[in-house]
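Enquirer: Chain residues, written in single-letter form:
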Amino acid sequence: MKSSFRVSGKSVVALSAVSSAFALVLSGLSITPASAALGTAPVTLTVQHETTGDRPEEEWHAVAAAFTKKYPNVTIKYSPITNEAKGGPNLQVISSDGAPDIALLPLNSNVYTQMVKNKALVPLNGIFAADNTVARIGPPAAALKQADGKYYATPHVVVYYNVLWTNPDAIAKSKAIVPASGHFTSVAQLVAFGKACKKAGYAGLAIGGKTNFQASWMFDSMMPTAVSAKALNNYINSYKSDVPVTAKWTDPGILKTLDALGAIAKGGVYQNGYLGMDLDQATAYFTAGKSCMLLGGTWMPGGAFESDTKKGTMKFTPGLAVLPSVVAGKKATYTPYYGDAFGIPIKSNNQEWALELLRYFMSDEGQRIGALEAAGNLPVVTTIPQSLYTKVPQGVKDVLALVAAYGSQSGWTSEVPGAYGQTFINPLIQKLQEGKTTSAEIAKAQQAKLEDVRKNGL
Amino acid sequence: MKALVAKFFAQLGVWGWTVLVLIPFFFIMLFATKDTSDIYGKPLALIFKPNWGNFSGAWNAGPDEGTIGVWFINTGLLVTTALIVSLVVAVPAAYFTIFLSLKQNRAVMITVLSGTVVPTILLVIPYFKAYNQFGLLNKPIVTGVAYGVLAIPTTFLLMNRFFLDFPREVLEAGLLDGLSNSKIFRKLVLPLSVGQIVSVGILTLIWAWGDSQIAIVLLQSQSAQPISVGMLSFAADFTTNLGATFAGLSMAAIPPVILYIILSKYVTKGIALGGITK
Amino acid sequence: MSVKNESPSKEVSTSITQGRTLFSPKKKARIGLNAINVRSARITLIPVFVLLFVFLALPMINSIQLSVSRWGGLGPLEPVGFDNYKFLFSDAQMRYSSRITIFYAFSVAFLVVAIATLLAAAVSANVRGHKAMKIIWFFPGIAPPTAVAIFWSSSFQPESGVVNVILGKLGLGNAYAWLASSDTALYPVIFVGVWSAVGFAFLVILGAVEQIPVSLREAAVVDGANVRQQFTKITLPLIRPILMTIFTLQIIWTFNGFTVVWAMTNGGPSDSTSILPILAYKEAFRYGRFGTAAAMAVVTGIFLMIVGTIGIRLSRSEQQ
Chain A
0 MKSSFRVSGK
10 SVVALSAVSS
20 AFALVLSGLS
30 ITPASAALGT
40 APVTLTVQHE
50 TTGDRPEEEW
60 HAVAAAFTKK
70 YPNVTIKYSP
80 ITNEAKGGPN
90 LQVISSDGAP
100 DIALLPLNSN
110 VYTQMVKNKA
120 LVPLNGIFAA
130 DNTVARIGPP
140 AAALKQADGK
150 YYATPHVVVY
160 YNVLWTNPDA
170 IAKSKAIVPA
180 SGHFTSVAQL
190 VAFGKACKKA
200 GYAGLAIGGK
210 TNFQASWMFD
220 SMMPTAVSAK
230 ALNNYINSYK
240 SDVPVTAKWT
250 DPGILKTLDA
260 LGAIAKGGVY
270 QNGYLGMDLD
280 QATAYFTAGK
290 SCMLLGGTWM
300 PGGAFESDTK
310 KGTMKFTPGL
320 AVLPSVVAGK
330 KATYTPYYGD
340 AFGIPIKSNN
350 QEWALELLRY
360 FMSDEGQRIG
370 ALEAAGNLPV
380 VTTIPQSLYT
390 KVPQGVKDVL
400 ALVAAYGSQS
410 GWTSEVPGAY
420 GQTFINPLIQ
430 KLQEGKTTSA
440 EIAKAQQAKL
450 EDVRKNGL
Chain B
0 MKALVAKFFA
10 QLGVWGWTVL
20 VLIPFFFIML
30 FATKDTSDIY
40 GKPLALIFKP
50 NWGNFSGAWN
60 AGPDEGTIGV
70 WFINTGLLVT
80 TALIVSLVVA
90 VPAAYFTIFL
100 SLKQNRAVMI
110 TVLSGTVVPT
120 ILLVIPYFKA
130 YNQFGLLNKP
140 IVTGVAYGVL
150 AIPTTFLLMN
160 RFFLDFPREV
170 LEAGLLDGLS
180 NSKIFRKLVL
190 PLSVGQIVSV
200 GILTLIWAWG
210 DSQIAIVLLQ
220 SQSAQPISVG
230 MLSFAADFTT
240 NLGATFAGLS
250 MAAIPPVILY
260 IILSKYVTKG
270 IALGGITK
Chain C
0 MSVKNESPSK
10 EVSTSITQGR
20 TLFSPKKKAR
30 IGLNAINVRS
40 ARITLIPVFV
50 LLFVFLALPM
60 INSIQLSVSR
70 WGGLGPLEPV
80 GFDNYKFLFS
90 DAQMRYSSRI
100 TIFYAFSVAF
110 LVVAIATLLA
120 AAVSANVRGH
130 KAMKIIWFFP
140 GIAPPTAVAI
150 FWSSSFQPES
160 GVVNVILGKL
170 GLGNAYAWLA
180 SSDTALYPVI
190 FVGVWSAVGF
200 AFLVILGAVE
210 QIPVSLREAA
220 VVDGANVRQQ
230 FTKITLPLIR
240 PILMTIFTLQ
250 IIWTFNGFTV
260 VWAMTNGGPS
270 DSTSILPILA
280 YKEAFRYGRF
290 GTAAAMAVVT
300 GIFLMIVGTI
310 GIRLSRSEQQ
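Residue numbers (numbering that gives the first Met the number 0), protein chains in the order written: chain A, 0 to 457; chain B, 0 to 277; chain C, 0 to 319.
Misleading hints may appear alongside valid ones.
Claimed, not checked - Capping the alpha-carbon separation at 25 Å, the derived lysine to any residue pairs in SDA-like fashion look like this:
| hint | chain 1 | residue 1 | chain 2 | residue 2 |
| --- | --- | --- | --- | --- |
| 1 | A | Lys255 | A | Gln408 |
| 2 | A | Lys454 | C | Gln64 |
| 3 | B | Lys48 | B | Met28 |
| 4 | A | Lys265 | C | Pro75 |
| 5 | A | Lys448 | C | Gly74 |
| 6 | A | Lys330 | A | Pro251 |
| 7 | A | Lys309 | A | Lys330 |
| 8 | A | Lys69 | A | Pro41 |
| 9 | A | Lys330 | A | Asp279 |
| 10 | B | Lys264 | B | Phe47 |
| 11 | A | Lys247 | A | Gly434 |
| 12 | B | Lys268 | C | Ala124 |
| 13 | B | Lys128 | C | Phe52 |
| 14 | A | Lys116 | C | Ala124 |
| 15 | A | Lys76 | B | Gln132 |
| 16 | A | Lys454 | C | Ser68 |
| 17 | A | Lys118 | C | Pro75 |
| 18 | B | Lys6 | C | Val213 |
| 19 | C | Lys168 | B | Gly177 |
| 20 | A | Lys310 | B | Phe54 |
| 21 | A | Lys265 | A | Lys309 |
| 22 | C | Lys133 | B | Leu258 |
| 23 | A | Lys116 | C | Ile311 |
| 24 | B | Lys6 | C | Glu77 |
| 25 | A | Lys448 | A | Ser438 |
| 26 | A | Lys255 | A | Phe212 |
| 27 | B | Lys48 | C | Val213 |
| 28 | A | Lys255 | A | Thr308 |
| 29 | A | Lys310 | B | Lys128 |
| 30 | B | Lys268 | C | Ile311 |
| 31 | A | Lys314 | A | Ile176 |
| 32 | A | Lys309 | A | Ala61 |
Claimed, not checked - What follows is a set of in silico ranges between Cβ atoms, one per label pair, in the way DEER data are often shown:
| hint | chain 1 | residue 1 | chain 2 | residue 2 | range |
| --- | --- | --- | --- | --- | --- |
| 33 | A | Ala64 | C | Ile42 | 58 to 66 Å |
| 34 | C | Tyr95 | A | Gly328 | 49 to 57 Å |
| 35 | B | Ala44 | C | Gly172 | 17 to 25 Å |
| 36 | C | Ala56 | A | Lys390 | 52 to 60 Å |
| 37 | B | Ser181 | A | Gly456 | 54 to 62 Å |
| 38 | C | Asp90 | B | Ser181 | 55 to 63 Å |
| 39 | B | Val87 | C | Tyr95 | 43 to 51 Å |
| 40 | C | Ile42 | B | Leu258 | 32 to 40 Å |
Derived from the structure by calculation, the hints contain no laboratory data. For glycine and all other residues, C-beta sits at the position ideal for the given N, C-alpha and C.
Using the sequences and the hints, build the whole thing.
Expert: Below you can see the structure in the form of structure tokens.
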């Protein structure tokens, strides 16, 4: 199409502009205060953040307040987007002329895939190098390095999902058994747990079955217990055509994991009508005391749990448990997610300032003020001592203690692009939960998808 | 006797349907004033301690205070633009087309008519690409233009039919009085057509007010969304606070119903006159 | 495609011929009215056709082009021939979605026309309270579909939803989770579709029923026809073209319907209520496969044009 030529021509110009801006910023950063290079003319930056979730609003407001104090000529505006928009429709917003200066980029979404593929993001290597950010974050940042050696996005917090929150009162009343370590040793044990709860009038485990992620979450936690570390690594990377396929989706480990997911659903562990409820509804169900457990994550204690306790609708302090392993001997773990990253669209009109803001956002100071203290989240950088984690809710600290004891394993659906991973497999697992498909069929479909993606790209 | 039985069932049927129609509005208003725990605990109770805080909760939902208010303004902008575009373009054309030969008038009608069968999903993606290309996303007024154009076929067809039945004596009289053709249209025809124009306009208004398929794509920023799209994220944000959700639903649903009751004469007339093209 | 389908043009022709005879003595005036206005007609029709071309024809061309390309939402189109179509016709979800879309559209259209006809018949027989009902029954068509759908989807939740609460009070059980099972989720969606569309169809059909000359019915009464016979022998045959038209239109509207289904189920569970517009939306905006989404839209468009054409033909031949 004619138009596309124009666009690509434009982006070449923009790219060169960016790289010269880079040099500017870099030199400014290392020698003189950045403000000298950036000037003092009034500038307005627009930042995108999600409307719900891990309190991104609080995080950004706190960082922005500190940043604008340093640079009084900067005004920061917000452009909140919905969960539905962030993984899909937002692509066109952040690639348009009306793009925000800092964009929300879920790493496993088509949005990030397309933005990187079309070089529509400003490389962050400059600000990363200046503050040693990659080393401060560790592997999750290193994994974002693209084939061209550039980084285009930065994670800002880590959340753990696949956390089983328990309702001790309900569990005591139903005499359901949670193993002392918190780890369910087998699917059968979890099913027995669910049955005991049901007898006492509670649902075993509340999940948001309607969401486009919760059905496949558990796969992330349980699959690593059924396959070797080497195979897992291959499952995570084999969608790239230059990585040879050594582990097939039709291998026994995967089939066993899927069988386990089917058996949990069939065993009546979930609440009645779970496939019609989203995660917020399932959370409300749990906080109202109707289920023994909830499948959730570390954003809940400071979010729904806190507000429902304040309102008086939540009358217990939740405890912790871990999903069952598929193969006896190995233990399932909580799954870390770094996925909602931020980047700078090439269409941003204030790239130098956006880089400076993002740099501050990712500095130890910014991470402490924003992620840690304002939002009560776990900062993604590892250079803030845990003694400063005073605002982190107790429930999250308990999760951290369990992670320290048993480790954590990154999840397949968070690591691979959604079109190949989460958005593809989630409806299939929902079908499995309803008994409408078999493990073998899902494995076959996922294997076919793998071959298609390797051949045709995403 | 048989007739009486039939009458009884007819009466029963219409009352049953009336109840079914009204139930949701009743519960939306009831729950809007109930505490969330009461909605779960005793949903049907008619005596309870009202929680008016639901309304302020709904008003303060979303990123900024009064986001619902912004959504209403956006809806207003969008719908007004759609009305202006559809009426200004279609009404004069519908009038002057009556002077074409019967054959030509038919041909015009059929061409315009074919526009009503095009499925919306066929349009959404190209609209999106074009609006994006020209930097027109997240602008309720410009989105309203698209709604306006899509309402042109209906407006044209209904107005054309109305003008065809318009008494020609009036036009002749105007001509004999020395009025120009455009003056006849503006001074004689338009004032006599107000009722029909209002009726047709209301059909456009109802459709543009409620549709979310185009708006969800062209208006993605929350501060640019109309109420039809905004409500979607609103419900997601508020699942743990059902009272506020219903307060929001009532704010979205009750004003148009009241407006309709006031204008119902025109609406029913507009539809009965032949309002069945979108 | 209009309520009075064929009849208005007949009226038109009569009024025009009448005009001719009426005004032929004042030939001068008539020429003045027509000749200049024909030019005005052409001028005022220009914006109509230009806008329709830009907003309807161009997008259609664009969709067709997109449907033979691969496009992830950004960058240039990559032509792939008929791959997208081949994929669609081999894809199980697409086949399933086509099936349920047709089922959904036809059952909503059928129920809407049936209920609206019965209500119109009742109201034209002057049941008590018909004046207020005429107004009330259109409430569901007025309230924003999103709000309506959100209300209904919360009412269908097990235990706490209003529908279940009422059923529970009636002793019928309160744990129905219709929206949570792919076997049953479509039925509440159909119900809400019908609930919100009946009011409009009712008003149209009532308009048609009220145009039936009273004398016809009186004659039937004299002939000894009872209420039901009056309805089946006189009313129904006379309004059949309108029923056909509104049935066709309702199919098209429901087929295109996105708002109600999206707000109630997001197309789930496990894509069991993903009617074609929803599948296309997900395909494009969630999975970034704009090519297959456009191909779906094109297939839908062709199908609807066929339905529309058949509908127009049927409503015409019914009348002749």
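Enquirer: Can you confirm whether the C-alpha distance between Lys310(A) and Phe54(B) stays at or below 25 Å?
Expert: 17 Å, holds
Enquirer: Is it true that the CA of Lys454(A) sits at most 25 Å from the CA of Ser68(C)?
Expert: 16 Å, holds
Enquirer: Quickly compare the C-alpha distance for Lys448(A) and Gly74(C) to 25 Å and report which way the hint goes.
Expert: 23 Å, holds
Enquirer: CA of Lys6(B) to CA of Val213(C), is that 25 Å or under?
Expert: Between Lys6(B) and Val213(C) the Cα gap is close to 19 Å, so the pair holds against 25 Å.
Enquirer: Decide if the proposed pair is consistent with the structure: Lys268(B) and Ala124(C), CA atoms, cutoff 25 Å inclusive.
Expert: Given pair Lys268(B), Ala124(C) holds - Cα atoms ~19 Å apart, limit 25 Å.
Enquirer: Looking only at beta-carbon atoms, does the pair Asp90(C), Ser181(B) fall within the given range of 55 to 63 Å?
Expert: 56 Å, holds
Enquirer: Against the range 43 to 51 Å, how does the distance between the Cβ atoms of Val87(B) and Tyr95(C) compare: consistent or not?
Expert: 44 Å, holds
Enquirer: Compare the distance between the alpha carbons of Lys168(C) and Gly177(B) with 25 Å, and conclude whether the hinted pair is satisfied.
Expert: 74 Å, violated
Enquirer: Ile42(C) and Leu258(B), beta-carbon distance inside 32 to 40 Å?
Expert: 35 Å, holds
Enquirer: Between Lys255(A) and Gln408(A), is the straight-line Cα distance small enough, at 25 Å or below?
Expert: 19 Å, holds
Enquirer: Checking one constraint from the list: CA of Lys128(B) to CA of Phe52(C), max 25 Å. Satisfied?
Expert: OK: Lys128(B) and Phe52(C) at ~17 Å, within 25 Å.
Enquirer: When you check the alpha-carbon spacing of Lys268(B) and Ile311(C), does it fall within 25 Å?
Expert: It holds: about 24 Å lies between the C-alpha atoms, which stays within 25 Å.
Going through the hint list in order, the structure does not satisfy hints 4, 7, 9, 10, 14, 19, 21, 23, 24, 27, 28, 29 and 34.
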